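Novice: Take these sequences, add in the hints, and give me the full structure.
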Amino acid sequence: MSGLGRSLTAEEKDNGSKRWVKKKFYRETRGVKVSGGQQIKSGTMLTRRGDKWKPGLNVTGRMHLTAVCDGEVYFTKKRGGYNQSVTVINVRPSAKAKQ
Numbered sequence: 001m002s003g004l005g006r007s008l009t010a011e012e013k014d015n016g017s018k019r020w021v022k023k024k025f026y027r028e029t030r031g032v033k034v035s036g037g038q039q040i041k042s043g044t045m046l047t048r049r050g051d052k053w054k055p056g057l058n059v060t061g062r063m064h065l066t067a068v069c070d071g072e073v074y075f076t077k078k079r080g081g082y083n084q085s086v087t088v089i090n091v092r093p094s095a096k097a098k099q
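Residue numbers (my numbering): 1 to 99.
Accuracy of the hints is not assured; some may be wrong.
Unchecked claim - Computed cross-link-like contacts, BS3-like style, restricted to lysine-lysine with a CA-CA straight-line distance of at most 25 Å:
{"#": "1", "residue 1": "LYS77", "residue 2": "LYS33"}
{"#": "2", "residue 1": "LYS54", "residue 2": "LYS78"}
{"#": "3", "residue 1": "LYS54", "residue 2": "LYS33"}
{"#": "4", "residue 1": "LYS78", "residue 2": "LYS52"}
Unchecked claim - Per label pair, the in silico range of CB-to-CB distance:
{"#": "5", "residue 1": "SER42", "residue 2": "GLY81", "range": "26 to 34 Å"}
{"#": "6", "residue 1": "GLY43", "residue 2": "TYR82", "range": "21 to 29 Å"}
{"#": "7", "residue 1": "THR29", "residue 2": "PHE75", "range": "17 to 25 Å"}
{"#": "8", "residue 1": "VAL86", "residue 2": "SER35", "range": "29 to 37 Å"}
FYI, nobody ran anything at the bench for these hints, they're computed from the structure.
In this text, all values refer to a predicted model and were calculated from it rather than measured experimentally.
Beta carbons: idealized from backbone N, C-alpha and C, even for Gly.
Specialist: As structure tokens, this is what we get:
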């Protein structure tokens, strides 16, 4: 029998909806996780999957940027290649971290 008159089963309908939700959730989890002036602890994730942001002082990583020490987050702009600017994420160490 050809599949032209066949109706979808419940399992087939359910699989399609799961795929869409998974993709939507993936898009929502990317980006900056902290704001400027916010106090953070060592090991805090600052961004996820970001090409727009680069690590600065007391920050490590390439795609996922994390803080190396406790302190305050601040952003700076840096001149990139071909007339573009890049946002650099830095952490200013707190007084407790300096001791």
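Novice: With reference to the structure, classify each hint as holding or not holding.
Specialist: Verification of the supplied hints:
1. LYS77 - LYS33: 18 Å, holds
2. LYS54 - LYS78: 9 Å, holds
3. LYS54 - LYS33: Distance ~14 Å between LYS54 and LYS33 Cα, so the pair holds.
4. LYS78 - LYS52: Given pair LYS78, LYS52 holds - Cα atoms ~11 Å apart, limit 25 Å.
5. SER42 - GLY81: 26 to 34 Å: 32 Å, holds
6. GLY43 - TYR82: 21 to 29 Å: The hinted range 21 to 29 Å is violated for GLY43 and TYR82, with Cβ atoms some 34 Å apart.
7. THR29 - PHE75: 17 to 25 Å: 21 Å, holds
8. VAL86 - SER35: 29 to 37 Å: For SER35 against VAL86, whose Cβ atoms are near 18 Å apart, the range 29 to 37 Å is violated.
Consistency with the previously given hints fails for numbers 6, 8, ordered from lowest to highest.
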